[in-house]
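Assemble chain B onto chain A, guided by the hints.
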Amino acid sequence: MASKHSVKPLTFEQCLHRLERIVEQLERGDIPLEDSIKFYEEGITLSKQCLEKLSQAEVRLKTLEKDAQGKFRLFVEKPNEND
Amino acid sequence: MLPMNHQRPLLTVTELTTKIRQVLENGFSHVALQGEISNLKRHTSGHIYFTLKDKHAQISAVLWRSRTPFLTFAPGDGMRVVVTGRVTLYEQRGIYQIEVYSLRAVGVGELQLAFERLKRRLHEEGLFDQARKRKLPEYPERIGIITSRDGAALHDILKILNRRLPSLEVIFRPVRVQGEGAAAEIATAIEDLNTFGGIDLLIVGRGGGSIEDLWAYNEERVARAICNSRIPVVSAVGHEIDITIADLVADLRAPTPSAAAEMVVKDRQTLLETVGKYWYHIHETIQSALVGKRETIRHLLSSYSFRKPVDLLRQSSQRIDELERTLATAVTHHHAMANSTAGGLQRRLLALNPELTLKRGYAIVSRNGKLITSSKIPTTKDVLDVRFHDGVVRSTVS
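So the sequence lines, in the order shown, correspond to chains A and B.
With this note's numbering as the guide, the letters of the first sequence map in order to residues 157 to 239.
With this note's numbering as the guide, the letters of the second sequence map in order to residues 24 to 421.
Just to be clear, a hint being listed does not mean it is correct.
Short derived list, chain A residues pointing at chain B, Cβ under 8 Å [unchecked claim]:
| id | residue |
| --- | --- |
| 1 | F168 |
| 2 | E176 |
| 3 | S203 |
| 4 | L207 |
| 5 | A213 |
| 6 | E214 |
| 7 | V215 |
| 8 | L217 |
| 9 | K222 |
| 10 | Q225 |
| 11 | F228 |
Result set (BS3-like, lysine-lysine): computed pairs, CA atoms no more than 27 Å apart in a straight line [to be verified]:
| id | chain 1 | residue 1 | chain 2 | residue 2 |
| --- | --- | --- | --- | --- |
| 12 | B | K289 | A | K164 |
| 13 | A | K209 | B | K393 |
| 14 | B | K289 | A | K218 |
| 15 | B | K158 | A | K218 |
| 16 | B | K142 | A | K209 |
Ranges between beta-carbon positions, derived for each pair [claimed, not checked]:
| id | chain 1 | residue 1 | chain 2 | residue 2 | range |
| --- | --- | --- | --- | --- | --- |
| 17 | B | R157 | A | F228 | 18 to 28 Å |
| 18 | A | T219 | B | H70 | 26 to 36 Å |
| 19 | A | Q225 | B | T35 | 45 to 55 Å |
| 20 | B | R31 | A | A224 | 50 to 60 Å |
| 21 | B | F93 | A | V232 | 30 to 40 Å |
| 22 | A | T167 | B | R155 | 24 to 34 Å |
| 23 | A | A213 | B | Q57 | 49 to 59 Å |
| 24 | A | K194 | B | K300 | 39 to 49 Å |
| 25 | B | S311 | A | T219 | 50 to 60 Å |
| 26 | B | S61 | A | Q225 | 31 to 41 Å |
| 27 | A | K194 | B | I320 | 15 to 25 Å |
| 28 | B | F93 | A | F228 | 48 to 58 Å |
| 29 | A | T167 | B | S311 | 50 to 60 Å |
| 30 | A | G185 | B | F219 | 26 to 36 Å |
No lab work stands behind these hints, which were simulated from the structure alone.
Beta carbons: idealized from backbone N, C-alpha and C, even for Gly.
Here chain A stands alone, though its shape is the one from the complex (with noise of 0.2 Å):
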């Protein structure tokens, strides 16, 4: 079975380092324009990435249950109305 996971974007975590390692590179000064401007522009890139992850407006509930054979479900919770 395919994995959904195969490629697997970066977590906001990984994403939050990498954009501190790119400011601790830059900051140091000492490397070309040229890398310079490419790790600014993967630095806007996960910029971007971290926004839109924390863009989503509600939990998203999922309910897990096993079933008799020891196999994992995955219930997508209704969200409660008197919420």
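For chain B alone, coordinates are given in the frame of chain A:
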């Protein structure tokens, strides 16, 4: 040899047992009994067998599986309890026992003792050591929650998470949080979420209750499951004053489910500011790097090696200016001159007009468009054009 002089009926074992059973069951059909539990066994059938004893006597007890859901805590050896039930006789083995309907701990003291005993044992084993504990992820994205479906805990946690960081995904695993079997369910749920994978941290807990209500979180099975979890575990049991074994083993103890939600994630605003700060930093550094480079270029331009050609250019430009001025003067002068001699020039041009000459009887001879200015040029059979003032005559040399 011995005469049967007693006029008593002869009974079978079964008959006697049945009579005793009737006496017992009629006489003790509803009793409340206080004693200490010992030798407790949970049978695979789900029934629980134990002995109730005090200093001088003991009685077998059985709690049928059908009654276990009504337990408010998990009974264990050494606990002093009050049970209600009825006395019955187990005929095959000729023993009497008490069938338990309900069971409650006698005072907090007894449970507290059991708690202290387990606590001491697990402490000695190192389960509470800080060094053993896992570090919580700084930016969790997928959180597992193990609590009851009906309790307030899930609702409380979700409310806070939605307020602080709605970008989360929550994997909820419903379990019973009190009564017989609750501890096993909680422990299994912890194991299952570990198996399921991809979860950054677990919140295990429930709302507040009596010490009996919270008992599942004081059971060894739950403590072991938390200890063995690869995913960091945050315990969130009850109100602030209750500390359970689970709290002591967990990687982080939150006083309530709501507090757990507050503690495990940074709020969105903070994260947005962090990302914004990095973005600004990157932008600024690049900007100032570019400004710096521009300065460098300016500096280079003003250095001697660059200045030389520039000076040359400037000189050239100056020369051009001069030339331009000169040219302008010349043109103006010439123009003026031309104007003043316009009449004479026109006359000279008119005099040069060949038409007039032709009118005077001259002709122009050409061969293939080229003027023939000498009689020695054409040879016999050459075709020549002879142009008069009013037309061209083609002729052949003979």
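Taking the hints in turn, this is what the structure says about them:
no.: 1; hint: F168; verdict: holds, 5 Å
no.: 2; hint: E176; verdict: holds, 7 Å
no.: 3; hint: S203; verdict: holds, 4 Å
no.: 4; hint: L207; verdict: holds, 6 Å
no.: 5; hint: A213; verdict: holds, 6 Å
no.: 6; hint: E214; verdict: holds, 5 Å
no.: 7; hint: V215; verdict: holds, 5 Å
no.: 8; hint: L217; verdict: holds, 5 Å
no.: 9; hint: K222; verdict: holds, 6 Å
no.: 10; hint: Q225; verdict: violated, 13 Å
no.: 11; hint: F228; verdict: holds, 5 Å
no.: 12; hint: B:K289 x A:K164; verdict: holds, 23 Å
no.: 13; hint: A:K209 x B:K393; verdict: violated, 88 Å
no.: 14; hint: B:K289 x A:K218; verdict: holds, 21 Å
no.: 15; hint: B:K158 x A:K218; verdict: holds, 25 Å
no.: 16; hint: B:K142 x A:K209; verdict: violated, 42 Å
no.: 17; hint: B:R157 x A:F228: 18 to 28 Å; verdict: holds, 23 Å
no.: 18; hint: A:T219 x B:H70: 26 to 36 Å; verdict: holds, 31 Å
no.: 19; hint: A:Q225 x B:T35: 45 to 55 Å; verdict: holds, 51 Å
no.: 20; hint: B:R31 x A:A224: 50 to 60 Å; verdict: holds, 59 Å
no.: 21; hint: B:F93 x A:V232: 30 to 40 Å; verdict: holds, 33 Å
no.: 22; hint: A:T167 x B:R155: 24 to 34 Å; verdict: holds, 25 Å
no.: 23; hint: A:A213 x B:Q57: 49 to 59 Å; verdict: holds, 57 Å
no.: 24; hint: A:K194 x B:K300: 39 to 49 Å; verdict: violated, 21 Å
no.: 25; hint: B:S311 x A:T219: 50 to 60 Å; verdict: holds, 52 Å
no.: 26; hint: B:S61 x A:Q225: 31 to 41 Å; verdict: holds, 39 Å
no.: 27; hint: A:K194 x B:I320: 15 to 25 Å; verdict: holds, 21 Å
no.: 28; hint: B:F93 x A:F228: 48 to 58 Å; verdict: violated, 30 Å
no.: 29; hint: A:T167 x B:S311: 50 to 60 Å; verdict: violated, 31 Å
no.: 30; hint: A:G185 x B:F219: 26 to 36 Å; verdict: violated, 46 Å
In this structure, the earlier hints numbered 10, 13, 16, 24, 28, 29, 30 are contradicted, and the remaining ones agree with it.
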